[in-house]
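Using the hints, position chain B against chain A.
Protein chains: 2
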Amino acid sequence: MAKKNRQFLLAERPVGLPDDSTYNFIETDLPKLKENEVLVQGEYLSVDPYMRRRMSEGQSYIEPFKLNEPLKGGTVGTVIESKHPSFQQGDTVTGLLDWADYTAVPGEQLRKIDRDQASITTALHVNGMPGLTAYFGLLDIGQPKEGETVVVSGAAGAVGMVVGQIAKIKGCRVVGIAGSEEKNAYLINELGFDAAINYKTTNNIGQELKEACPNGIDIYFDNVGGEISDAVFSLLNFHARVALCGQIAHYNDTKVEMGPRFLTTFLKRSLLLKGFIVTNYSDRHEEGTQQLAKWLSEGKIKYKENIVEGLENAPDAFLGLFRGDNLGKQLVKIR
Amino acid sequence: MAKKNRQFLLAERPVGLPDDSTYNFIETDLPKLKENEVLVQGEYLSVDPYMRRRMSEGQSYIEPFKLNEPLKGGTVGTVIESKHPSFQQGDTVTGLLDWADYTAVPGEQLRKIDRDQASITTALHVNGMPGLTAYFGLLDIGQPKEGETVVVSGAAGAVGMVVGQIAKIKGCRVVGIAGSEEKNAYLINELGFDAAINYKTTNNIGQELKEACPNGIDIYFDNVGGEISDAVFSLLNFHARVALCGQIAHYNDTKVEMGPRFLTTFLKRSLLLKGFIVTNYSDRHEEGTQQLAKWLSEGKIKYKENIVEGLENAPDAFLGLFRGDNLGKQLVKIR
Numbered sequence: 051m052a053k054k055n056r057q058f059l060l061a062e063r064p065v066g067l068p069d070d071s072t073y074n075f076i077e078t079d080l081p082k083l084k085e086n087e088v089l090v091q092g093e094y095l096s097v098d099p100y101m102r103r104r105m106s107e108g109q110s111y112i113e114p115f116k117l118n119e120p121l122k123g124g125t126v127g128t129v130i131e132s133k134h135p136s137f138q139q140g141d142t143v144t145g146l147l148d149w150a151d152y153t154a155v156p157g158e159q160l161r162k163i164d165r166d167q168a169s170i171t172t173a174l175h176v177n178g179m180p181g182l183t184a185y186f187g188l189l190d191i192g193q194p195k196e197g198e199t200v201v202v203s204g205a206a207g208a209v210g211m212v213v214g215q216i217a218k219i220k221g222c223r224v225v226g227i228a229g230s231e232e233k234n235a236y237l238i239n240e241l242g243f244d245a246a247i248n249y250k251t252t253n254n255i256g257q258e259l260k261e262a263c264p265n266g267i268d269i270y271f272d273n274v275g276g277e278i279s280d281a282v283f284s285l286l287n288f289h290a291r292v293a294l295c296g297q298i299a300h301y302n303d304t305k306v307e308m309g310p311r312f313l314t315t316f317l318k319r320s321l322l323l324k325g326f327i328v329t330n331y332s333d334r335h336e337e338g339t340q341q342l343a344k345w346l347s348e349g350k351i352k353y354k355e356n357i358v359e360g361l362e363n364a365p366d367a368f369l370g371l372f373r374g375d376n377l378g379k380q381l382v383k384i385r
Numbered sequence: 051m052a053k054k055n056r057q058f059l060l061a062e063r064p065v066g067l068p069d070d071s072t073y074n075f076i077e078t079d080l081p082k083l084k085e086n087e088v089l090v091q092g093e094y095l096s097v098d099p100y101m102r103r104r105m106s107e108g109q110s111y112i113e114p115f116k117l118n119e120p121l122k123g124g125t126v127g128t129v130i131e132s133k134h135p136s137f138q139q140g141d142t143v144t145g146l147l148d149w150a151d152y153t154a155v156p157g158e159q160l161r162k163i164d165r166d167q168a169s170i171t172t173a174l175h176v177n178g179m180p181g182l183t184a185y186f187g188l189l190d191i192g193q194p195k196e197g198e199t200v201v202v203s204g205a206a207g208a209v210g211m212v213v214g215q216i217a218k219i220k221g222c223r224v225v226g227i228a229g230s231e232e233k234n235a236y237l238i239n240e241l242g243f244d245a246a247i248n249y250k251t252t253n254n255i256g257q258e259l260k261e262a263c264p265n266g267i268d269i270y271f272d273n274v275g276g277e278i279s280d281a282v283f284s285l286l287n288f289h290a291r292v293a294l295c296g297q298i299a300h301y302n303d304t305k306v307e308m309g310p311r312f313l314t315t316f317l318k319r320s321l322l323l324k325g326f327i328v329t330n331y332s333d334r335h336e337e338g339t340q341q342l343a344k345w346l347s348e349g350k351i352k353y354k355e356n357i358v359e360g361l362e363n364a365p366d367a368f369l370g371l372f373r374g375d376n377l378g379k380q381l382v383k384i385r
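Taken in sequence, the protein lines are chains A and B.
If you read the first sequence in the numbering used here, its first letter stands for residue 51, the second for the next number, and so on.
If you read the second sequence in the numbering used here, its first letter stands for residue 51, the second for the next number, and so on.
Any given hint could turn out to be false.
All copies of an identical chain are treated as equivalent in the list; a pair is satisfied when it fits inside any one copy or across any two copies.
With a Cα cut of at most 25 Å, we get these calculated SDA-like pairs of lysine to any residue [to be verified]:
1. K344 with E240
2. K344 with S71
3. K318 with G108
4. K260 with V306
5. K318 with A61
6. K260 with A245
7. K116 with D70
8. K305 with N356
9. K383 with S71
10. K305 with F288
11. K318 with I112
12. K318 with Y301
Hints listed in this document are in silico derivations from the structure and should not be mistaken for laboratory results.
Excised from the complex, chain A in its bound form (with noise of 0.2 Å):
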């Protein structure tokens, strides 16, 4: 009996949160392989923020998904079979897939993953794009210096945990802002972070977060945006570094939102702002993986992942990062 692959295919552009009529599961026939392709059976696939926006059409870092077309997100698996020299049946690999369970994709866009090195699922958050982001985000613009004061928003998210952690082995105040009593206790007891926020019960988040940095705020690296940023952005010291990497306050706004012009502070504290993505680093991907791997392998990086049983399940799990249920990287066993 031929093997069937299931996919998810972008059926229509969300306004707003994504739901049943923004995608499309079908079954089709296992694709046939072209010159320099492999067939790959995805294992994991992660779920992210940036999604969201790829979803949408306009001007981004990113093209946007085709209408009809699979989604695609970050995917560790296995090798079924190979037309690429570098490739051969049961390699584990990791890249940009389908939201199904097969994909034919040219080997260029591949990468090999050790499955003795770490478990393989962290190609898809330290050892991957998420540590990527936060490696560089923190290191690059925010120039961490001993003693300063790092407050990180999302911080029980993927990108957010390893923003911590780096921020602490570089001998920094670290604050996370997170959602829920429980990612705050994981951030404190067992990441290591000075002090957490929790943003969704603090009456006065300006007021807590004055408590919690006492020396005031050297770097930001920002995942959210609104009303949490206004409150950062008004402790933030001279010369202090915003590095903005996420504003998922704002990836499902149907209109721009009004807030308070900050750009007096920004003036008057010469303060630097920049947004990234981890793409601008490509030429030092492979310096950032491997510094990674080796905190990693020190234990002085340590994750939590959530997983989701089910291909069927990833929509549900992809709209559980914007209710803030992930406690960790949100992946989903695809099998």
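Leaving out everything else, chain B in the frame of chain A:
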């Protein structure tokens, strides 16, 4: 008969625009010199938008003026008496002196000017703080490359005019934003700007900017803020740079204004924004001063001054900055 000294003291901190109650215009005896001090008779006083911020309390890059003490501003004048070995009677000097006929000041805070090299008033703009502000903000933060598009707001002010001319020297397309047809004609016809937009008469600044910047905007040198910046931000290219030099639209705000949240744009396009003040570059002032003097002597940088007669008119000349009166550098001829 003993000479008298007229001085403007800060009588109270203004809320919104300064008015008569802000100042106390008094007459005193001439100050007595201490060791290492120099008595300077002011010839020209510079009034600049940043002084508004010094009239208020609160954290900024420069300490507030003190109540019941003289306001201060960039001044050129003549040494009347000296107890400092580096200065003697008759020297022409510049420094941050009182809004007054005479100031006693430590010699270390003065710089000698060569009357033969250029008009002494240029020490208050092209060859002084505004010129250096333009130089470092554009070159260090903006990093202009040939063929890029530079937009400067407050283009007809002392800083803006130098920004545009340096950008032309660097081979950029330069678009100014200013508040009168007369200013814009000057920018285009005399200073070589490629286009200029009148923000006071336009019905659609976004559309005008789009037409003036067919390849988008690579560098925005912002002196103004507010809705002008909102329009510019939406046209910034990937990896564009914003040198945040002033926010004159907001200096008289009595509360934080609301505006569109724009950080998603900064994220999507990997934009850089940096607030700065010329003193951040103190260790490179010599480099900037020499280069600016060279360009001035070569005729590559031109200037225009707007001189008000009489120290007693300094408050009105200062207010004119916020009305947008001045084409070119606003100066007060003290005597």
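Tested hints:
When the C-alpha separation of K344 and E240 is checked against a cutoff of 25 Å, the pair qualifies only within one copy, where the shortest distance is 19 Å, while the shortest distance between copies is 60 Å. Taking the closest pair of Cα atoms, K344 and S71 never come within 25 Å of each other, the shortest separation being 43 Å inside a single copy and 65 Å across copies. Proximity of K318 to G108 under the C-alpha cut-off of 25 Å is restricted to the inter-copy arrangement: shortest distance 10 Å between copies versus 33 Å within a copy. For the identical chains of this complex, K260 and V306 are inter-copy neighbours only, at 20 Å across copies versus 29 Å inside a copy, given an alpha-carbon limit of 25 Å.
For a Cα distance limit of 25 Å, the shortest separation of K318 from A61 across copies, 24 Å, qualifies, whereas the shortest one inside one copy, 48 Å, does not. For the identical chains of this complex, K260 and A245 are intra-copy neighbours only, at 11 Å inside a copy versus 46 Å across copies, given an alpha-carbon limit of 25 Å. Within a single copy, K116 and D70 get their C-alpha atoms as close as 17 Å, which meets the 25 Å cut-off; across copies the closest is 63 Å, which misses it. Taking identical chains as interchangeable, the C-alpha atoms of K305 and N356 are never at most 25 Å apart, the minima being 32 Å within one chain and 44 Å between chains.
Proximity of K383 and S71 under a CA criterion of 25 Å is satisfied intra-copy only: 23 Å inside one chain copy versus 71 Å between copies. In this assembly of identical chains, the alpha carbons of K305 and F288 lie at most 25 Å apart only when taken from different copies (22 Å versus 33 Å within one copy). Taking the shortest Cα distances, K318 and I112 sit within 25 Å of each other only across copies (8 Å), while inside one copy they are farther apart (34 Å). When the C-alpha separation of K318 and Y301 is checked against a cutoff of 25 Å, the pair qualifies only between copies, where the shortest distance is 11 Å, while the shortest distance within a copy is 30 Å.
Violation of the numbered hints given earlier is confined to hints 2, 8; the remaining hints are satisfied by the structure.
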